[in-house]
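Q: If you're matching them up, the sequences are chains D and F in order. Going by the working numbering, the residue at position 212 of the first sequence is 314; the numbering climbs one at a time, nothing skipped. Going by the working numbering, the residue at position 81 of the second sequence is 183; the numbering climbs one at a time, nothing skipped.
This list has only true hints and no planted wrong ones.
For chains that are exact copies, the list does not tell them apart, and a pair is met inside one copy or across any two.
Straight-line C-alpha distance at most 25 Å; calculated PhoX-like pairs for lysine-lysine:
#, residue 1, residue 2
1, K211, K129
2, K211, K348
3, K302, K261
4, K172, K211
5, K298, K277
6, K179, K211
7, K172, K186
8, K146, K172
9, K326, K106
10, K242, K146
11, K175, K211
12, K106, K116
13, K106, K277
14, K261, K277
15, K348, K146
16, K211, K277
17, K277, K326
18, K365, K348
FYI, nobody ran anything at the bench for these hints, they're computed from the structure. These numbers were taken from a predicted model, which means no experiment stands behind them.
2 protein chains.
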Amino acid sequence: MTTKQLIEQIHLKKSFLCIGLDVDLTKIPSHLLQEEDPIFSFNKAIIDATHHLCVSYKPNTAFYEAYGIKGWKSLEKTITYINKNYPEIFTIADAKRGDIGNTSSMYAKAFFEDLAFDSVTVAPYMGKDSVEPFLAFENKHTIMLALTSNEGAFDFQTKNMEGKELYKHVLETSKGWKNAKNLMYVVGATKAEYFKEIRKIVPDNFLLVPGVGAQGGSLKEVCKYGMSANVGLLINSSRGIIYASKDENFANSAREKAAALQKEMQEILST
Amino acid sequence: MTTKQLIEQIHLKKSFLCIGLDVDLTKIPSHLLQEEDPIFSFNKAIIDATHHLCVSYKPNTAFYEAYGIKGWKSLEKTITYINKNYPEIFTIADAKRGDIGNTSSMYAKAFFEDLAFDSVTVAPYMGKDSVEPFLAFENKHTIMLALTSNEGAFDFQTKNMEGKELYKHVLETSKGWKNAKNLMYVVGATKAEYFKEIRKIVPDNFLLVPGVGAQGGSLKEVCKYGMSANVGLLINSSRGIIYASKDENFANSAREKAAALQKEMQEILST
Chain D
103 MTTKQLIEQI
113 HLKKSFLCIG
123 LDVDLTKIPS
133 HLLQEEDPIF
143 SFNKAIIDAT
153 HHLCVSYKPN
163 TAFYEAYGIK
173 GWKSLEKTIT
183 YINKNYPEIF
193 TIADAKRGDI
203 GNTSSMYAKA
213 FFEDLAFDSV
223 TVAPYMGKDS
233 VEPFLAFENK
243 HTIMLALTSN
253 EGAFDFQTKN
263 MEGKELYKHV
273 LETSKGWKNA
283 KNLMYVVGAT
293 KAEYFKEIRK
303 IVPDNFLLVP
313 GVGAQGGSLK
323 EVCKYGMSAN
333 VGLLINSSRG
343 IIYASKDENF
353 ANSAREKAAA
363 LQKEMQEILS
373 T
Chain F
103 MTTKQLIEQI
113 HLKKSFLCIG
123 LDVDLTKIPS
133 HLLQEEDPIF
143 SFNKAIIDAT
153 HHLCVSYKPN
163 TAFYEAYGIK
173 GWKSLEKTIT
183 YINKNYPEIF
193 TIADAKRGDI
203 GNTSSMYAKA
213 FFEDLAFDSV
223 TVAPYMGKDS
233 VEPFLAFENK
243 HTIMLALTSN
253 EGAFDFQTKN
263 MEGKELYKHV
273 LETSKGWKNA
283 KNLMYVVGAT
293 KAEYFKEIRK
303 IVPDNFLLVP
313 GVGAQGGSLK
323 EVCKYGMSAN
333 VGLLINSSRG
343 IIYASKDENF
353 ANSAREKAAA
363 LQKEMQEILS
373 T
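Work out the full structure: start from the sequences and follow the hints.
A: Next comes the structure, spelled out in structure tokens:
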């Protein structure tokens, strides 16, 4: 999917919501545990109930790897289901990968070719040659960690490196990498005031924003400082939507939570 | 496996060699491609031929994920084969994972419980709460990226942060994390002179050292500056050993390459 198509979808659906499919078997409705593939059954129900309210789904690979081959199968079935039935959805493999060049190429092959995701999240610690193999793919997007929403973000990301915070270095340095136009960045919602600074460095790139909802970030604050001329935001909510209820009507409850966020987004987009 | 057991194995085998199982189907002997699971067949032959010369195997997960479910099956078969037949081997999942706390717990479950690896590599960018879930596992080891062997290491890792290089910050900060005794670190061999500085910060921790061989690092130099009282080094070689030959006798060629490195290590250990 191209960035242009993503922006079109945002305006069409009046939503820049991304739903995180972080499926934990201990948290899903118990009646699903009898199914052959409970994770996929859960995802399918959530996707069918919410696809018109969001522009993106983001399975976090950890939640699938934890169940070994069965989990990897659930992941494959989920992405295949989305691509077949809702090809207008922007898919994100939240994998936070990154390794030396030839190894990153293998990860890029895994997520862009084998699983056919539109994008993958990567970690910046190993620098340019660990990220450029992902950037080399046409119409695929590489979403690099910049400023994350967790407490540990303050261990290194916000520390001063040669006159500015590490995350600013990461943003600025990456702008010079080959095919940098394919870069998006992860910026946590829990620090809305940082968005002003970030937009000075990357005025146009899309930002994937976790931390609204369960982690306490405010949608309005993030939009106030983070929105670009082309919206430029994908706001992720995982637990707040998918675990809205544990009963048989869980998908309806998820739809209601997603609809409430979509409505807020529609209001923001119209002003 | 405990650190004590690993050290015992090093002295028993007179080796601190780790063999990287980074299997690329385009690089293995062509006669294996007819097998049902070429990757596992390749690994099994390499392991059977070299297990007495090394103390550790390190499959890099990227090379398995690139082949989807089939690849994940090959990884599972490989680790199960090692654990069953050579339980004295220290196994490393080279996965470079790291995410917010509850997600890192899922990765830890994937590699320590589901796949039963002794250790996993992690990235430090997201800080304390992204690494501690791994450290919580008894007799399991978390190998954190400190100074990597690639060109991109100079993008951020060696830049000055509040008076010292970022990788030194990573080393020092992590010493204060819960269960820090379960930490090892990745330090590239291509920068032998750095080991002196690193040993001032972490005098005892094991260092996993890629970059000897294909990437040009010198074993003698690394040992000169990096060896601790308890050896404290795992020297990794991947391509230099496993792709020594593409003919039917590839496992013999791999054994010869491993034996040459083991012999060098034996000499170093005896002086």
